[in-house]
Amino acid sequence: MADQPTAFERFVQGILPENPVYRQLLGLCPTLAVTNGMKPALTMACSVAFVLLCANIVISLIRDLLKPHLRIVVFTLTIATFVTIADRFLAAYLFQMSKTLGPYIPLIIVNCLIICRCEVCASKQSVFTAAADAIGQAIGFGLALSSIAAVREILGTGMFFGMRVLPEVWPDWVIMVLPPGAFLTLGLLLGLVNWVGIIKSRRSS
Amino acid sequence: MPDSNKKLDTIKDFKSSDVKENTAIHVAPSPHIRDTKANTQKMMIDVLIALTPVVLVSVYLFRAYAVKQLLICLVSCLIAEYVFVRMRGRSMTLKDCSAGVTGIILALSLPGSAPWFVGVIASVVAMGIGKIIFGGLGMNIFNPAMVGRAFVMIAFAGLMSAGSYENITGLVDAVSGATPLSAMKFNNTSVEFSHLFFGNTNGSIGETSSAACIIGGLFLVFKKTASWQIPVSIVLTVLAIAGITDVAKAGSGLFIVHHLFSGALMFGAFFIATDPVTSPLTSKGKWIFGFGTGMLIMIIRLFSGYPEGVMFAVLMMNAVTPLINRWTNPQPMGEA
Amino acid sequence: MTNFRNNNLAQAWLVLVIATVFGTALAGIQIKLNPVIEANKIRETMEKIPSLILDPSQAADIKSHDLVIQSRVIEIEKNGISKFYPVYDVHLKDGSLAGHVTKAKGQGYADKIELLIGLDAGGNAITGLFILDQKETPGLGNRILEKPWRDQFVDQPSGTTLVVVKSKTGPNNEIDGMIDGISGATISSRSVTSIVNTTIADIRPRLLPIIKKENIIRQENE
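Chains as they are written, first to last, in the working numbering: chain A, 1 to 205; chain B, 1 to 336; chain C, 1 to 222.
By construction, these hints were calculated from the structure, which means they are not laboratory data. Small disclaimer: the values here were computed from a predicted structure and weren't measured. C-beta: ideal position from N, C-alpha, C; glycine also. A couple of the hints might just be wrong.
What the hints assert, rightly or not - Interface residues of chain C toward chain A, partial, derived using beta-carbon atoms under 10 Å:
1) Trp13
2) Val15
3) Gly23
4) Gly139
Said to hold, decoys possible - Calculated cross-link-like contacts (lysine-lysine; reagent style DSS-like; alpha-carbon spacing at most 30 Å):
5) Lys48(C) x Lys135(C)
6) Lys39(A) x Lys112(C)
7) Lys32(C) x Lys99(A)
8) Lys41(C) x Lys112(C)
9) Lys41(C) x Lys39(A)
10) Lys249(B) x Lys78(C)
11) Lys39(A) x Lys105(C)
12) Lys103(C) x Lys41(C)
13) Lys39(A) x Lys135(C)
14) Lys147(C) x Lys112(C)
15) Lys39(A) x Lys48(C)
16) Lys99(A) x Lys105(C)
17) Lys48(C) x Lys105(C)
18) Lys83(C) x Lys99(A)
19) Lys99(A) x Lys103(C)
20) Lys39(A) x Lys103(C)
21) Lys135(C) x Lys99(A)
22) Lys99(A) x Lys48(C)
23) Lys99(A) x Lys112(C)
24) Lys99(A) x Lys41(C)
25) Lys147(C) x Lys99(A)
26) Lys39(A) x Lys32(C)
27) Lys39(A) x Lys147(C)
To be verified - Between beta-carbon pairs, the in silico distance windows are:
28) Leu65(A) x Arg326(B): 51 to 59 Å
29) Asp155(C) x Ile244(B): 44 to 52 Å
30) Glu114(C) x Arg326(B): 40 to 48 Å
31) Ser205(A) x Thr52(B): 48 to 56 Å
32) Met163(A) x Arg43(C): 22 to 30 Å
33) Pro86(C) x Leu323(B): 25 to 33 Å
34) Cys29(A) x Ser194(C): 27 to 35 Å
35) Cys29(A) x Trp116(B): 34 to 42 Å
36) Asn79(C) x Gly187(A): 46 to 54 Å
37) Ala10(C) x Trp195(A): 48 to 56 Å
38) Val75(B) x Met159(A): 42 to 50 Å
39) Glu114(C) x Met163(A): 25 to 33 Å
40) Ile198(A) x Glu44(C): 44 to 52 Å
Construct all of the structure, not just a fragment, from the sequences and the given hints.
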């Protein structure tokens with residue numbers, strides 16, 4: 001296992017160099033669907049972080065028992081369990097938010113980001129590394145969601161976290177809080193990230 | 001293998017400015033009609049001439065509103081084009097007038113009452129997201145002016161929808177109240193044919209006068225700058241569907257007149273749908289395109305919440321244009 | 001044969017164990033949290049009820065726990081389809097009936113719209129309207145949430161069918177049965193109005209018998 005990245009490397013990679021949304025293009029369903037405001041975006045990021053962390057730890061704990069042809073079943077079972085837990089907790093203690101997010105919390109089950117981390121890292125490395133990886137990826141995912149949500153909420157409603165940041169005369173760009181705004185923002189931010197990457201690599205070479 | 005590499009290199013080194021000196025086979029992205037800048041410029045100037053009657057009528061009807069809207073859109077489209085092209089590090093394309101055409105078409109498709117930022121944002125989106133992101137003129141999938149209009153239509157629904165047209169009440173001679181199409185859809189009232197034809201009604205500043213649009217459109221068709229198949233097929237399809245609906249409702253024919261001569265139908269059929277970049281290349285494809293656009297216009301007008309559907313219909317058909325091109329592309333001999 | 005089966009089971013033992021453990025854990029969580037979730041759902045409706053039935057001036061005096069709220073379900077058979085309306089009968093502390101609140105659903109412009117409609121005792125007039133859930137276009141259709149617009153429904157007699165008009169100006173303002181459409185969101189305004197119309201038409205006949213019965217009971221008590 002000498003060629004596997006260390007816990008620290010896993011952690012750092014998840015945040016920017018291998019950002020789940022901007023670099024791996026994973027987990028785009030919640031990225032597009034719930035980023036019309038900072039609050040739902042962060043709730044979603046926290047739920048994903050919880051599921052990712054728990055799933056990674058459990059899978060890493062049982063990694064030596066996994067049979068190759070049955071591993072996906074085990075991954076899915078584990079992820080589905082933690083998603084259900086997250087969903088029930090939101091419904092019980094953050095009822096309004098759970099209503100806003102609607103089906104997108106149960107849909108975390110099919111978020112490729114989580115199964116990807118189980119496959120790439122947790123099923124091969126120690127619990128500590130798997131946890132570090134999960135936290136790194138979750139931070140990266142949270143950063144991506146909140147960057148998109150910030151653009152959409154500020155342009156679309158003139159508010160940030162539900163508080164007014166732009167003057168009252170600001171004409172709300174309603175399109176930004178609607179689905180087309182999600183695609184436009186994601187596309188433009190992706191372009192921006194790539195553009196910055198190109199400039200950086202040009203400078204270093 | 002080395003042979004094909006060499007070929008690739010020649011294509012890469014090829015610039016459109018070489019065309020005049022070099023009479024070798026010209027390779028460029030479709031459409032091939034406009035392969036030199038001079039040609040594009042000539043076409044665009046034709047379009048500008050064709051737009052003159054529409055612009056004049058709009059200025060006559062809406063006065064300051066029209067002048068304001070035209071200036072805002074024209075200036076911001078030119079600035080946006082300049083900035084975006086600079087950002088991509090390309091040579092200047094302002095001279096080919098395409099940005100100017102987009103600006104004027106965009107302005108003519110906005111309601112006169114829309115505040116200044118609507119025109120500015122629509123222009124920036126039209127140029128940036130409608131055109132430059134795809135790689136500039138000739139590469140764009142969607143009609144840039146309509147992309148810009150669709151953006152502000154959804155973003156500022158309150159300022160762009162049927163209701164906004166009524167804000168203009170009492171400030172302009174001859175025109176006030178709801179647009180004929182929305183009045184018909186929501187209040188069941190109708191307007192005289194002559195008003196619809198000459199444009200004494202409310203609406204987007206360029207769409208009200210069918211007469212002006214038809215005069216400009218016929219000029220374009222006779223100059224062969226716009227194809228005749230698209231406007232003809234759109235108008236025929238709308239006529240057919242409106243006719244069937246009218247007969248089914250046992251109407252008096254006013255319904256047909258409204259759907260043909262009010263709203264953006266004539267303006268859209270002659271100036272928007274015929275954009276050579278975003279419409280099919282073959283004659284058969286153009287018929288299909290026009291038929292589809294006409295169908296969608298009527299579906300949106302009759303069954304959706306919007307009173308008018310030309311913009312969305314054209315955008316949707318733009319999206320299937322590559323497919324239509326593929327279907328109708330004549331197969332070279334021996335490759336079928 | 002048995003060998004083969006054992007072999008399969010042996011391979012899948014981890015899956016089976018995990019499924020059992022997780023299933024048990026989830027069952028535990030469901031038992032623990034379900035009452036809270038159900039309470040949330042009921043509270044969402046209950047919190048709105050006083051403001052739907054009472055005048056703002058009254059609502060300030062009467063605290064919500066002074067009201068006795070009984071829920072029942074009215075089933076309506078229409079064209080062979082049965083529709084269910086949850087109805088909350090609201091009584092004041094002295095036992096008199098203050099009004100009814102019902103939950104209704106219908107198609108809006110974008111998605112289903114869910115409403116709470118307040119009616120006075122006997123269902124003769126609308127006392128309040130609240131939008132529980134909607135996904136209409138922000139800035140246009142979702143202006144049905146605004147209080148001034150919803151307040152147009154208050155005090156409308158429930159016998160007339162409400163109509164959406166373009167703009168009721170001047171004297172029209174006083175005419176019953178007219179609802180001012182939201183400019184640019186005719187569909188959303190019409191949806192809400194038609195949900196209100198259908199719901200009242202459906203449940204109004206069913207509100208009355210209960211009231212009569214209660215009156216009789218009260219008279220007997222006196």
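Against the structure, the hints:
| no. | hint | in the structure |
| --- | --- | --- |
| 1 | Trp13 | holds (9 Å) |
| 2 | Val15 | holds (5 Å) |
| 3 | Gly23 | holds (8 Å) |
| 4 | Gly139 | holds (4 Å) |
| 5 | Lys48(C) x Lys135(C) | holds (20 Å) |
| 6 | Lys39(A) x Lys112(C) | holds (24 Å) |
| 7 | Lys32(C) x Lys99(A) | holds (20 Å) |
| 8 | Lys41(C) x Lys112(C) | holds (18 Å) |
| 9 | Lys41(C) x Lys39(A) | holds (21 Å) |
| 10 | Lys249(B) x Lys78(C) | holds (29 Å) |
| 11 | Lys39(A) x Lys105(C) | holds (27 Å) |
| 12 | Lys103(C) x Lys41(C) | holds (13 Å) |
| 13 | Lys39(A) x Lys135(C) | holds (17 Å) |
| 14 | Lys147(C) x Lys112(C) | holds (20 Å) |
| 15 | Lys39(A) x Lys48(C) | holds (24 Å) |
| 16 | Lys99(A) x Lys105(C) | holds (16 Å) |
| 17 | Lys48(C) x Lys105(C) | holds (16 Å) |
| 18 | Lys83(C) x Lys99(A) | holds (24 Å) |
| 19 | Lys99(A) x Lys103(C) | holds (17 Å) |
| 20 | Lys39(A) x Lys103(C) | holds (28 Å) |
| 21 | Lys135(C) x Lys99(A) | holds (12 Å) |
| 22 | Lys99(A) x Lys48(C) | holds (17 Å) |
| 23 | Lys99(A) x Lys112(C) | holds (14 Å) |
| 24 | Lys99(A) x Lys41(C) | holds (10 Å) |
| 25 | Lys147(C) x Lys99(A) | holds (22 Å) |
| 26 | Lys39(A) x Lys32(C) | holds (26 Å) |
| 27 | Lys39(A) x Lys147(C) | holds (24 Å) |
| 28 | Leu65(A) x Arg326(B): 51 to 59 Å | holds (52 Å) |
| 29 | Asp155(C) x Ile244(B): 44 to 52 Å | holds (45 Å) |
| 30 | Glu114(C) x Arg326(B): 40 to 48 Å | holds (46 Å) |
| 31 | Ser205(A) x Thr52(B): 48 to 56 Å | holds (53 Å) |
| 32 | Met163(A) x Arg43(C): 22 to 30 Å | holds (26 Å) |
| 33 | Pro86(C) x Leu323(B): 25 to 33 Å | violated (49 Å) |
| 34 | Cys29(A) x Ser194(C): 27 to 35 Å | holds (34 Å) |
| 35 | Cys29(A) x Trp116(B): 34 to 42 Å | holds (38 Å) |
| 36 | Asn79(C) x Gly187(A): 46 to 54 Å | holds (47 Å) |
| 37 | Ala10(C) x Trp195(A): 48 to 56 Å | holds (55 Å) |
| 38 | Val75(B) x Met159(A): 42 to 50 Å | violated (31 Å) |
| 39 | Glu114(C) x Met163(A): 25 to 33 Å | holds (28 Å) |
| 40 | Ile198(A) x Glu44(C): 44 to 52 Å | holds (50 Å) |
Violated hints for the displayed structure, listed by number in ascending order: 33 and 38.
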